[in-house]
Amino acid sequence: MTEQDFPGWHGTTIIGVKKGGQVVIAGDGQVSLGQTVIKGSARKVRRLSPGGFDVVAGFAGSTADAFTLLERLEAKLEATPGQLARASVELAKDWRTDKYLQKLEAMLIVTDGKDMLVITGAGDVLEPEHDIAAIGSGGNYALAAARGMIDSDRDAEQVARDAMAIAADICVYTNGRLTVEKIGG
122 MTEQDFPGWH GTTIIGVKKG GQVVIAGDGQ VSLGQTVIKG SARKVRRLSP GGFDVVAGFA
182 GSTADAFTLL ERLEAKLEAT PGQLARASVE LAKDWRTDKY LQKLEAMLIV TDGKDMLVIT
242 GAGDVLEPEH DIAAIGSGGN YALAAARGMI DSDRDAEQVA RDAMAIAADI CVYTNGRLTV
302 EKIGG
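Per the numbering used here: the sequence shown = residues 122 to 306.
Check the hints yourself; a few may be wrong.
[Stated by the list, open to error] Using 25 angstroms as the maximum straight-line C-alpha spacing, the simulated BS3-like pairs for lysine-lysine come out as follows: (1) Lys214 to Lys224; (2) Lys235 to Lys160; (3) Lys235 to Lys214.
[Claimed, not checked] Ranges of calculated distance between the beta carbons of each label pair, as one might list FRET restraints: (4) Asp290 to Ala200: 35 to 45 angstroms; (5) Pro202 to Gly155: 36 to 46 angstroms; (6) Gly155 to Lys235: 38 to 48 angstroms.
These are computed hints drawn from the structure, not numbers from a lab. Glycine is no exception: its CB is placed at the ideal position from the N, C-alpha and C atoms.
With the hints as extra help, turn the sequences into a complete structure.
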């Protein structure tokens with residue numbers, strides 16, 4: 122099933138914030154179908170540990186597609202331990218060129234505590250400007266809020282939580298039930 126099968130299917134805001142030696146990825150729990158909340162407590166931020174190497178990933182888009190991508194990313198990380206950027210580029214290449222993977226509809230924010238990257242199905246592996254990345258329905262709201270707070274005395278986790286609260290107040294497809302994972306600090 123794709124978004125064409127369920128044109129009113131919406132959900133997810135994911136934000137990544139890097140500040141003061143800490144990287145946080147936070148995601149809301151809402152999945153909506155049209156004007157109906159299907160689930161309010163979905164977990165869209167995961168900790169991966171391929172070969173003892175700690176990585177946090179947040180996803181927006183189709184859950185099944187995102188899990189397929191996360192499994193592929195774990196395999197790439199096992200093949201290139203400690204090299205998140207290289208594993209991410211390899212995943213993006215496969216995603217862009219493999220006919221099966223091309224149909225996957227999701228985006229990822231990943232971090233190893235040192236690098237934070239956004240991976241898309243268009244073959245992009247992007248290091249965000251200003252050490253903030255956001256994806257999903259309320260991503261632009263969370264991004265704008267976090268950019269307004271990044272120079273405050275808040276730490277990375279508080280910036281992420283406050284930005285998600287603002288996004289949840291504005292975006293009807295975002296709620297305040299957060300999953301937060303951090304590395305460092």
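A quick look at each hint next to the structure:
1. Lys214 to Lys224: 14 angstroms, holds
2. Lys235 to Lys160: Not OK: lysine 235 and lysine 160 at ~33 angstroms, beyond 25 angstroms, violated.
3. Lys235 to Lys214: 22 angstroms, holds
4. Asp290 to Ala200: 35 to 45 angstroms: The hinted range 35 to 45 angstroms holds for aspartate 290 and alanine 200, with Cβ atoms some 42 angstroms apart.
5. Pro202 to Gly155: 36 to 46 angstroms: 44 angstroms, holds
6. Gly155 to Lys235: 38 to 48 angstroms: 41 angstroms, holds
Checked against the numbered hints above, the structure breaks only hint 2 and satisfies the rest.
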